[in-house]
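S.K.: Sequence:
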Amino acid sequence: MRFFVIISLLGVAFAAPGARIMGGADTAIEDYPFFASIEYNTYDVWFLHCGGALISNDAILSAASCFVASNPAFHRARLGSSNATTGGTLETIGQFILHPNFNRVTMENDIALLRLQLNVEESQTIQYASIPGPNYVLADNFALTAIGVGRRAPGDIRPAKLQSVRLNLINRELCAARYAVLQAEPGYENWPTVTNTMVCTAVLDQPGIGTCQGDNGGPITAQGNVVYGVASWQYSCGSDIFPSVNTWVSPFSNWIQANV
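Just so we're aligned: the sequence shown equals residues -15 to -1, 1 to 245 in mature numbering (1 follows the signal peptide of the UniProt record, and there is no 0).
Honestly, the hints are just simulated from the structure, not real lab data.
The list that follows gives simulated cross-link-like pairs (lysine to aspartate or glutamate, EDC-like), each with its CA atoms no further than 16 Å apart:
#	residue 1	residue 2
1	K146	D11
2	K146	E15
3	K146	D16
DEER-style ranges, computed between Cβ atoms:
#	residue 1	residue 2	range
4	D11	L103	25 to 33 Å
5	V166	A124	19 to 27 Å
6	Q102	T27	15 to 23 Å
7	T74	Y173	38 to 46 Å
8	D11	T91	34 to 42 Å
9	A162	Q191	15 to 23 Å
Ideal Cβ positions, reconstructed from N, Cα and C, are used throughout, including at glycine.
Work the whole structure out from these sequences, hints included.
M.R.: Structure, rendered in structure tokens:
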């Protein structure tokens, strides 16, 4: 039997104050027991790859862009650990379920499910995240939390501990307009466009805070354990001008239900 939690919220939630995985801080897995670190194997060496969120006893939610043309046999999931590369439990991944309409150029529908070979039992450090229903909408400037073990600066070494950072939900039209300006620059004509199935996060006018390389697929959470977004793409790590762009989970709630 698979266990799966969907949160429904009609209307728009009130905005919460913002604050300031770049610019974040060490955090404990007990605070985010649904976090999954996805690793891949090359020549018998395991490397950190992407993040994810455990949403049932055998499924992890992540980004399709992390697993295009990849073999599940060369990947594994680390659950229940505050450390980036040690501790917790290692789970074998049996199947990648990428959204059938994922476009690696436009980055639309950048969402995937990772099916584990064995069922996972909940504990103090391993629990399920909740998935928002189709009507779960949050107001601009709502405080969200990004979780991951990605780089703390471009080209930097990865942190040894799980990181979290508080980000604000950025108005989609503002986010799209800023990327439209970027697309008008030579060499950026084919940069992705922000669509209505994406959400943007940043701390505007405060550089150095946000997701970075290696955080893709990781959860962007609201109200504790609700996965509001999945880290997808950005122009630059921690930019205060161009927000990070994430897959908005609510429009994919029915697809997730059908495949979990």
